[in-house]
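Visitor: Sequence lines, in order, name chains B and G.
Take the first sequence: its position 31, counted from the start at 1, is 465 in the numbering used here, and no numbers get skipped.
Take the second sequence: its position 24, counted from the start at 1, is 94 in the numbering used here, and no numbers get skipped.
Hint data in this document are derived by calculation from the structure and do not stem from the laboratory.
Keep in mind that the hints are not guaranteed to be accurate.
Quick list of simulated restraints, FRET-style, between CB atoms [what the hints assert, rightly or not]:
| id | chain 1 | residue 1 | chain 2 | residue 2 | range |
| --- | --- | --- | --- | --- | --- |
| 1 | B | R498 | G | I181 | 42 to 50 angstroms |
| 2 | B | E506 | G | K87 | 47 to 55 angstroms |
| 3 | G | I181 | B | R448 | 41 to 49 angstroms |
| 4 | B | G507 | G | T92 | 26 to 34 angstroms |
| 5 | B | E506 | G | L140 | 27 to 35 angstroms |
| 6 | B | P495 | G | K73 | 20 to 28 angstroms |
| 7 | G | Q72 | B | P495 | 40 to 48 angstroms |
In this text, all values refer to a predicted model and were calculated from it rather than measured experimentally.
Just so it is clear, CB atoms sit at the ideal spot from N, CA and C, and this is done for glycine as well.
Chain by chain, the residues:
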Amino acid sequence: NAGVMQNPRHLVRRRGQEARLRCSPMKGHSHVYWYRQLPEEGLKFMVYLQKENIIDESGMPKERFSAEFPKEGPSILRIQQVVRGDSAAYFCASSPREGMNTEAFFGQGTRLTVV
Amino acid sequence: SQKIEQNSEALNIQEGKTATLTCNYTNYSPAYLQWYRQDPGRGPVFLLLIRENEKEKRKERLKVTFDTTLKQSLFHITASQPADSATYLCALDEVGNTPLVFGKGTRLSVIA
Numbered sequence: 435n436a437g438v439m440q441n442p443r444h445l446v447r448r449r450g451q452e453a454r455l456r457c458s459p460m461k462g463h464s465h466v467y468w469y470r471q472l473p474e475e476g477l478k479f480m481v482y483l484q485k486e487n488i489i490d491e492s493g494m495p496k497e498r499f500s501a502e503f504p505k506e507g508p509s510i511l512r513i514q515q516v517v518r519g520d521s522a523a524y525f526c527a528s529s530p531r532e533g534m535n536t537e538a539f540f541g542q543g544t545r546l547t548v549v
Numbered sequence: 071s072q073k074i075e076q077n078s079e080a081l082n083i084q085e086g087k088t089a090t091l092t093c094n095y096t097n098y099s100p101a102y103l104q105w106y107r108q109d110p111g112r113g114p115v116f117l118l119l120i121r122e123n124e125k126e127k128r129k130e131r132l133k134v135t136f137d138t139t140l141k142q143s144l145f146h147i148t149a150s151q152p153a154d155s156a157t158y159l160c161a162l163d164e165v166g167n168t169p170l171v172f173g174k175g176t177r178l179s180v181i182a
C-alpha cells in the first residue's frame with residue numbers, strides 16, 4: 435500500500451507563473467488536508483477536502499490559491515501568479531474518515547521556490 | 071489568542087539519556103493530542119496519540135503524558151540514540167473532526 439504521494443518534490447517558478455501541486459492520498463482514503471510550512475515555522479493548515487467537496491478552506495488565502503479533489507485523480511493545490519512569499523514546503527495528509535483523530539499520513543511534500 | 075508552544079527550538083542531549091520535550095497550549099480544549107517526528111526534507115511521521123481522558127501513553131522507548139489542567143503534554147524518549155535526532159512536532163485536535171493544529175517543533179540532537 436503506497437503512502438501519500440506528492441509531486442513534484444521540487445518546483446521552481448518565476449514570479450507571476452502558476453504552480454500546480456499534486457497529492458494522491460493513500461488507497462482507501464477520501465479525506466485530504468493541505469498544509470504549508472515556512473522555514474523555521476510550524477505546519478499551517480490551508481484546506482480540507484473530501485472527494486469533489488471543499489470542507490474547510492479557512493486557512494487558505496482568498497486570492498490566487500485554489501484546491502480541488504476530483505472524483506478521479508489526485509488532489510490539486512493551485513497557486514496563480516506566484517510571489518516570492520509563496521516559497522515554502524507544501525504537505526498534504528490523508529485520512530480514511532473525517533478528522534485526523536487517529537493518525538494522519540503525510541506525503542514527503544513539494545518544495546516550491548519562487549525566483 | 072490561541073497558542074501552541076513547544077519548549078525550546080533546539081535540545082541537545084547525550085546518548086543514553088532521556089529526552090523530555092514539552093508542549094503547552096493556550097485557549098484550546100483538545101480532544102486529542104498527537105506527536106510527530108519530522109526529518110529534514112521529509113514529511114511528518116506519526117508517533118503517538120493521546121486522548122483527553124488518558125494520562126499517559128507508551129510505545130517502546132516513547133512515552134507521552136497529557137495534563138489538561140496544566141494544559142501541557144510531555145514527550146519522553148528514553149535511552150536516546152543519535153538516530154532519534156529529528157524535529158518533534160506536537161499537534162492537537164479540538165473536537166476530533168477538525169484539522170490538526172501544529173506547534174513549531176523542537177529540534178532534538180542526540181550526541182554520541
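Visitor: Verify the CB-CB distance for E506 of chain B and K87 of chain G against the hinted window 47 to 55 angstroms.
Guide: 51 angstroms, holds
Visitor: How does the Cβ-Cβ distance of E506 of chain B and L140 of chain G compare with 27 to 35 angstroms: does it lie in that range?
Guide: At 48 angstroms between Cβs, range violated.
Visitor: Does the Cβ distance between Q72 of chain G and P495 of chain B fall inside 40 to 48 angstroms?
Guide: About 20 angstroms separates the Cβ atoms of Q72 of chain G and P495 of chain B, which means 40 to 48 angstroms is violated.
Visitor: Holds or violated: the 20 to 28 angstroms window for the beta-carbon distance between P495 of chain B and K73 of chain G?
Guide: Between P495 of chain B and K73 of chain G, where Cβ atoms are some 22 angstroms apart, the hint holds.
Visitor: Is the hinted range of 41 to 49 angstroms satisfied by the C-beta distance from I181 of chain G to R448 of chain B?
Guide: Check passed, 42 angstroms falls within 41 to 49 angstroms.
Visitor: Assuming the hint says 26 to 34 angstroms, is it satisfied by the Cβ distance from G507 of chain B to T92 of chain G or not?
Guide: Since G507 of chain B and T92 of chain G have Cβ atoms about 42 angstroms apart, the given range 26 to 34 angstroms is violated.
Visitor: So the hint says 42 to 50 angstroms: do the beta-carbon atoms of R498 of chain B and I181 of chain G match that?
Guide: 44 angstroms, holds
In the structure shown, a violation is registered for the earlier hints numbered 4, 5 and 7, in ascending order.
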